[in-house]
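Q: What follows is each chain in one-letter form.
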Amino acid sequence: MTWNYTILLVCLVLAIFAVWREIQRESKRNLALRIVAVLCSIGALACIALPITYQHELRLEDENQVVLLTDGYNADSVIDADARVYTISKKIKKDYPKATLLASVSEISDLKPAVTSVQVLGYGLSADELAQLHNLPVKFHPTIPPAGISAVSWNTQVKSGEKLSVQGTFANTTGKAVKLTLKGLGTTADSTFIAANTTATFDLNTTPKHTGRAVYRLISTSDADTLANESVPFEITAVKPLKVLMLAAAPNFEDKFLKNWLSANGYGVAVRSMISKDKFSQEFVNVEQQSLQHLTTGLLDKFDIVLSDLDVLKNLNSAESAALKQEVQQKGVGIIVRADSTTHSNFWLQQNFPVNKVSSAGQVISSLKLQGHDGTTSKTLLDPVYIVAQNFTQPLVTDQQNHIMASSGLIGSGREIFTTLTSTHSWMLGGDEADYTALWSLLISKAAKHVPAAEEWSVVNNVASVNNNTKLQVETGVANPEIKINQTNISTERQAHLPFAWQADYWPSHVGWQQVQQGSGMPHWWFAYPQQEWAGLKYRALLKESNAYATNHHNGVSVTKQIQQKVQVPVSKIYFYVLLLLACTYLWAEGKFSS
Amino acid sequence: MAEQAGLHKLKALQQRWITYQVAADVLLSAAIALVLGSIFYYVFDDSLLWGLIVFIGLLVSILAIRRPWQITEESISAFLNQNYPQLEESTQLLMKPAGSLNLLESLQLQKVESGLYDVPGAPPQFYNRVKLAGVFVLGALVLTFALAKLPIRWHSSVGKLVVDSMSATAKNLPPEKVLPQIKSSKVTIAPPAYTHRAARSQDRFTLDVEEGSTINWSIETNIDVKQLSLIFNEHEVLKMQAGSDKSHWHLSKQISASGFYQVNVDGKLSDLYPVTVIKDAAPVIKIKTPKQYTHIDAGEVPKVTISASVTDDYGINSAIINATVAKGSGEAVKFKEYKIPFGEAFSAHGRQYDLQKLVDLPKLEMEPGDELYFYIQAQDTHQQTSRTDVYIVSIQDTAQLLSMDGLVAGVNVKPEFFRSERQIIIDSQNLIRLKDSLSKEEFAKRSNDLGADQKMLRLRYGKFLGEEDESKIGEESGGELSKAENFSNTNMILDAYTDKHDNAEDATFLEPAVKEQLKATLTEMWKAELQLRMYKPQDALPFEYKALRLLKDLQQKSRSYVAKTGYNPPPLKLEKRLTGDLSKITEPTSHEDIKKAGDQFETLKKAVIILEQLKTDPKLNAVDQHTLQVASAQLSSKAVAQPGVYLPAVNAMKQIVTSGKASAANIAMVEKAIQRALPINHAMPQSPASAADIGLSQGYFKNLNRLNK
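Which chain is which? The protein sequence lines are A and B, in order.
Note that the numbering used here numbers the first sequence so that position 30 is 30, with each residue one more than the last.
Note that the numbering used here numbers the second sequence so that position 124 is 124, with each residue one more than the last.
Excised from the complex, chain B in its bound form (with noise of 0.2 Å):
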């Protein structure tokens, strides 16, 4: 039985091990799994699944890479023999079937037995890693809370994290100067729904709301009071109802403008509160693709993808491309209407949507030679819209391009190498239509040559922008050189010897603009020249067609054309010239006073003089403070529109003007706001004065001119 104990013991032992050992995964990934679910949860607004779904998976890797349930008795025998030396490294003696213990080693398992009782059931190794796991699961909690608290947000919209300043703000304001008689209250913020944001209350006066938002106050007092009201912008004057009893009162209101507001509680005037309203902003679109002007060659795949990245701070509600087609040219153009939806659905209200939308251009029966225009169009949930500038797309005509047109007109016949871009065109379009009839070398050939013609072309070409002739090359030159009469002719051996690249009449030759051109010409020719030497007829096409486009361009830009004007002015009689009678012309006489329009930023001029007086004399006569009641009027004006700035300022003077006293901290106070309020001033015109010198320096000036006289 002694043996069946020990063996139960050492089971027991392993049982424990496994459970511990499972324990502490559990909590370690636990522990991770609640800092990263935080960290969806708190900083980017995802659901707290992502949470769950990280424990599994952790859990998961970390028992399939650990596998605790594969310790065995061995491994706890080995175990303890090297943590109990009472034991003398004979556990394992325990888990030999009874009848195969010779003497030796029954007498040593009985000695196990023993010793076995003093092991405690789970010794404290079996602890560490749970310990250790716990102190991580602490530690995961705290940050937790950390992140809870923190004002770090990841804005989607701007694409990286932001310090919110909504929760910050309201932590670090100073305490509101509270009526007395208010007991308590509690101002709650419902956001209009196409913000998506859920109620809020706050216990502050001050409050920052989004446009449309209705708030609710309420308001608490500690003694009844008999009447309650709320004055916005000090003249809207909103009563408060009252609750069961006369110390519960309460008040909605719509905000749609920013302000400020006091409560009254029975004739007692609050601070003044500041209303800032945040306005829902127009959704943002930016187009990535395609550019502004972009234009499909010939040869080129007639698609296009329109891809944009719409934003919005609450929420897109719709996205859609404007696009008209118009055919034709001159007075047979014709519009048609398109408007294409982008793949997305728009259901979720992201505050950001990546579109793309590939437009097929000959399914909106599109043909060479016609423009397409468009414009994406967003609005978001409060019915914003905004649109952006017109894009165009045009596909080249190369029927317009082929034409003869202008050559055979005669008015200004270019040299015959203009014509060899078109005749390779249509050449390159016959071999690749001829590709399936002819064999493969030969095919290769041809592709070749037309290579070569393409070459010819740009050498020649390459001669109006003072291009080295590839041909003289390596060509010797040395024939007349070498001939005695020659010897040691400077002039002859720098002519054969040197380039010259700047040679004054190249560099007149063309203007820059036409060179510049002839020189994007030339990087075509030589693309496809590239193109038609790998056997590509086809992927040639295109950089001939550009070639030949700019190349028509040129042709196009070298003319020029004068109207002919056929006005002919009657001869003058000279006689005639600067005699006519003039008498009854009358002069106009006009005579009027423009009284400068009034400053209507006298009273704030004039409310700095009395401030200044103030700080060295305290006293306020009435004419003074009537003065003063003005400019805090106009003060409180702008605060209506701008409370942040404006409303410390009215606080302050409002306690100037009551208790007539003015403290250097209001002075300075009121004194920044009107500097702000007031304009630059301009320099006007003036005149300086003279000295008061009893005609000293004008006598002096006389006898001068007296003098030089």
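Looking at chain A on its own, in the form it has when it is part of the complex (with noise of 0.2 Å):
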């Protein structure tokens, strides 16, 4: 304020002496005018020195936005010369030095004068940024996505002798093939070609021979160009041995080989065979040696699967028959069921499976397609016995001709599988031990009990990046998980409609993998990506969650707020220097022509 009085004075001061200098001066032709001039050269000078302004009335529409860049604007879209332009990226600060800087998003917010609206330009913000714009409106002008992958999975947990199948879409813009590289200790796993201007799904497959944690790396490259070379990390656990209570009418070869199998690899299995009227003949092999007289749930509930032949089922005294239904409909007892000579009858295991027996030829020589395998087993002995296929009822194994000779079907909680193989053994034989593998682990695992899961991990973001906000979820029936990650204590959220269910914030501070732990349980592992890998991923969740902020906070929704303002306008220097122009080009002249 100062400032203004004494320019004023200072003017005041100055016009004085002008004026009386004037009147001081001899000829007196034009003295009025020249006064005028002089009062008019030092008023302009007054004004250009004071900020002098007016009031006017602004509606909120055309006023106040902010550009805010993100990754992958393009500079030709910032048509509006004016607007102020913030980025919170280094790196297009960089490109586009016209840009603020902000430390975050938030700031906008507190911008004077207030910011009414945000236009954001390419890819858009996260959902953890958005949420501090505090309700802002915003315009979104997104950017096409970036070609490449756009959409990718695999099998994180990857039990040993699975396979780990990395599938997803692959965007092609160029004009060349680009060749898709699995890669794994070292060594290529499997790789695909993706033709030229195609957007076609991808399919690698291995299987791993390590076990624990590893990273594989997605390649993708055109010619010698490498154009992306991103983390594919899993984790391969080892197999839990099962338990197995074999039931037979008498001791045969395909039980045998069945049970020396199993306890080749560590499974326990328990056999009885009938070798006379109600004798049995009784074995045990790393399970704990107990009376397999009768049946009953006590007994039943050690098991993880019953294998029996149809006909020792059918022939199981009231009580038995009972234990064995109410384990396998209640506690969920897989149980695998040989075919008898019967083709069909309502006993309660064999009503699903209605058994096709072609009685002109004798046994004939196939190989069989078994589920999720690609090729076929090797060649063997099968009678021609088929199953015909029913409603609620799953193939499992078939011959070249699809004629079905193994199916799964639930009853209640357990599941059933019914076979007519009776002589696979003769793979075992032949030394032949992959099919004979790959046979009985789809039929046993299909079959088996369900174990309860004491808790379940899973990261909730699309790609967990260093020093990005991550979200981790865990399902546990435990009634106040205490989470620990990279043992810090997370506090966490349960979810409103699945009570099971806790979520945390978390922000990984390394690439790689990061143990979390519920309790004193066992511990978890999940891997924060580097930041620049899934790119294509990430912006294309970025889209999404700033197209959804978007239609939820256009202009047209806040009506609440004030939509007129007032605000001081400055005059423009401009008026007062042409002003002072005029006024002392008149002296100048006047001086001039009057000597």
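Incorrect hints may appear among the rest.
Straight-line distance between alpha carbons at most 27 Å, and here's what the computed BS3-like set of lysine-lysine pairs gives [what the hints assert, rightly or not]:
#, chain 1, residue 1, chain 2, residue 2
1, A, K379, A, K357
2, A, K183, B, K661
3, B, K654, A, K183
4, B, K619, A, K484
5, B, K131, A, K243
6, B, K253, B, K303
7, A, K259, A, K277
8, B, K702, A, K331
Here are some of the chain B residues that sit facing chain A, going by a computed Cβ distance under 8 Å [unchecked claim]:
#, residue
9, N322
10, P588
11, K615
12, I674
13, Q686
14, A692
Treat the hints as calculated values from the structure; they're not laboratory data.
For glycine and all other residues, C-beta sits at the position ideal for the given N, C-alpha and C.
Bring the two chains, given one by one in their own frames, into a single complex with the hints.
A: So, in structure tokens, the structure goes:
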């Protein structure tokens, strides 16, 4: 304020002095005009120095928008040259120096004069960053997502012997074919080609030979150029052996070979085979010895699977039969049944699996197709007895003509596998352990009793990058889970609609495996990707989140806010400069011509 | 005198031209001989003498064609006239006797004489061919040099040109890392005698040697060292002997197995160098003739030509036919063994031999019905032997074929025409015997008659196969058809003018296999008939025998025999069934615990986990270091067997373990080797996990069950 008064005072003194000098001059020509000119020039000088403003009323729509640049923006899209441009990325600040760098998105709401809406250019902001905008209206100008892998998925938990299967979609916009390679342990595991200018799905498979956590690489190359090199982290866990109970009408080779194979691999087997009327031979391998004379619920509870011939099950006494039925239907014990000579009956284990006997032919030689396996097995001798397909059953093993040889169905909470295969041990005799293993692994795994999981961890984010917000979810039966990530306690939030699901926010500080633990339970691991990896997926997620935010927060929504606002508008100085120039020109010209 | 000088000049020119022409021819043939000779020498490993022979042959033939000595003075003078205008087309005047020249000619001669002075002693045209030949020689030298350097060699055992890997790999391999103390090294490889290879030396430590080679290392160090030793497969330490001073060291060792070694200079260890042993392969024998089962029919010449090729990678020592003659049948069978040598001496120990031997079976005392079993055994220069399968040659027993045993027994009497083939054979033999006593026309007629008999027999068999009956072809069957009541009787017209090949009855008359054999029989009969019709009963005999044999086989096939079994079970007492006392039967119970066999690859799998961690966290604690050390030992034991595959990984692992730090390249190298060493994992049975949902789905299931009831 003192500045203004000083100016005014100085100008007043200057004006008095100048006027007095004008009057003092001998020639009195054009005196009035000269005084006016002098006063005008000094007035203009004062106005240049003084901040002169006027008040104006503004409508909100056309006022106080800011532009926020995010990754993938196009510089040509910033049309409004006067617009205030901000960014939170140092890289963008470098490329577009006019933009002002902000430390975080939350600073936008603190800007003066108050920002009324934000124009977001590029791939947009993450949900975490959008929350910091405090419901500011956003107009989103999305960029087309980058080419490359647009979706990908793989089994992050692989059981030993299982396939790691990396599947996804690749958009190839180049004129050259792109090679996708899955690499692990310094070896190329699988690869495929995506033709030029196509969007195609890919499916890369490998059976890892090692155990533990590993990071494979998914590399896309075009000729010699590497387009992307992404991490594929997964964990291979050992298989926990099961316990199998076999009931046989008589000692036979099929059961003997199965028992030997299972026990050699550390599985628990108990065999009860009838050797005479009411006389049983009992064998126990890797399980505690107990009487198998009478089947009770307590006995059956100790096994995951019961394997038997159909006629044995039909001839069980009523108490045993009831115990078995209850265990299968209520407790989920699996049951594998070998067909007998009857084609169909209403017996509870046979009613879903009628059998068709091709009586004319003797045994046939054929190879088998197993569910989930690409190739066929080696040839074996088969009885021409085929299961007729029914609703609510799932064929597991078929022959070359798609006759069903093994099928599965639900019985209560348990599963039943019905099979007509009776001489699979011929594979073992022929030294073909691979096919034998594949078949019985499939049948037993399908039937086995589910084990209750203590907890289940998952990363909610699409891609959990280092230094970015990551949402973890744990499903557990524990009432108040205590979560530790990398030995640090993290608070959790219970999901309203799923009472057993808890979520936690975390910002990983280093790339790689992160340990997570509930209480004093088993530690689990999840992977934080380097910042630049899986960019295509991340940008797609940003686009989705920003679009969702923009549709929920556009201008029309916030009607409750004040529409008009009074603002001080500074008067442009150019007018005073012109006035000063005119006055001075007149004074100079007048002095020149009068003399 | 002036004329004399001109004539001398002319003669000198002629001599010079002849000399240059001969020189050019010599150079040209030398160039061609050089190229051919070097091809023989370098590629085919033949003697250099071939080059000399080619040279002489070429030179003689070129000289014979071109005949440079026939260049006369006339042609020289013509040449001079053409090329030197100052001689004014008059050079030939020089050759005229001085007295026979007229005035004008002698004037002209003087001009020529003076002109001849300007003609150079050797005009440039003389050189042209020599120059060209010289260029050819240069080109040939370059080609020879290239051939000597190229690794292309002819391998007669393979029968084609191959790129010699031994010399090629040595050049293409990356340089080895050698300890700085070592100034120079010389490794002399003396291949064993059986290879017939000369000793060679190299300056690399990496060894590719023949099995049983003696290796001699001589290492020169740039400073005196106390001790220099070679460590084989990480445990066998061989100290090197010092030479005159402490900077020259040498050692000899015979290598018989692959592996690796390293040089130890005063405790400083070098890289690991692989030793790959090339094993000697056993000789390969291929029998071209005869076939595995050869049957000599009666009437054929009882001789067998055994031809075989024997190849080996270094040289063949010997090859022999082991033959066994089996005489008689049943219990009276007798064997006699023969060793039949091939004509070849094998003194050259060549790599490939094409052997042939004509075996006269009667000389081995073989008679009809006898069988010859033989195989070929070959031995290479490394005393390794290999032998072929057993081949069988049998001579048909005509006596058994012609016997009536099966037929008079009356088990399954076939129609009479089965005897006809036998009759034809007897008649043929009879006819051959009577050949000398019969007139030519009579012989031809009887042979033709036999042919007719053969035809009849063939046609009768043909009926079984549904073949057409020739006798009816051309016969007018119009008798019935032309009757008025049969007019437009379609069935009858069709009957008369169509063939009924696919008669259902015919099709099922005989089994396919029998039909096949019958057809073969008919073919033999055809051939026999052909020979008989050409009045050659001798040539017809083999076909007749073959037909008879096939017919006999057919006859035997249709027989069947069921042996009588003589067991009559005692009658069951029904009241006693299922009433046995089982109380004393004990129930067997067995219990055992089979621990899963310890996984021998456990350490390698653990090493993978550690290596994966090292990628992000380059710190190695003591426990991990120990695990890696154990894994490294496992890898090196693999490297002993396959140094080419696992040795780089062992090196990389050593670097990781000793330095405690791991470069990405080293990790990748080790992981690759482990991936190779680990066996394939098979999926084992497993139980799926249910969701940790505080019994939510269980409750849902229970309520669903309740509702369904």
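Q: Each hint needs a verdict: does it hold in this structure or not?
A: To see whether the hints hold, each was checked on the structure:
A threshold of 27 Å between alpha carbons decides the hint, and for A/K379 with A/K357 the separation of about 20 Å falls inside it, so the pair holds. In summary, the hint linking A/K183 to B/K661 is supported, as the alpha carbons are separated by about 23 Å, within the 27 Å threshold. With a CA separation close to 24 Å, the supplied pair B/K654 and A/K183 stays within the 27 Å bound. For the proposed pair B/K619 and A/K484, the alpha carbon gap of about 24 Å is at most 27 Å, so the pair holds.
The suggested pairing of B/K131 with A/K243 is violated, with an alpha-carbon distance near 95 Å, which exceeds 27 Å. Taken as a hint, the B/K253 and B/K303 pair is broken in the structure, with Cα atoms around 54 Å apart against an allowance of 27 Å. Pair hint A/K259 plus A/K277 holds up; C-alpha atoms about 23 Å apart against a cutoff of 27 Å. Our distance criterion of 27 Å between C-alpha atoms is met by B/K702 and A/K331, whose separation comes to about 11 Å.
Against a cut-off of 8 Å between C-beta atoms, the interface hint on B/N322 is violated, since the closest Cβ of chain A lies about 34 Å away. The interface hint given for B/P588 holds, since its Cβ lies 5 Å from the closest Cβ of chain A, which is under the 8 Å cut-off. Against a cut-off of 8 Å between C-beta atoms, the interface hint on B/K615 holds, since the closest Cβ of chain A lies about 7 Å away. Of the supplied interface hints, the one on B/I674 holds, with its beta-carbon coming within about 7 Å of a beta-carbon of chain A, less than 8 Å.
Here the hint on B/Q686 is kept, as its CB sits about 5 Å from the closest CB of chain A, short of 8 Å. At about 5 Å, the closest approach between the beta carbon of B/A692 and any beta carbon in chain A falls short of 8 Å, and the interface hint on this residue holds.
Hints 5, 6, 9, counting from the list given before, are not met by this structure.
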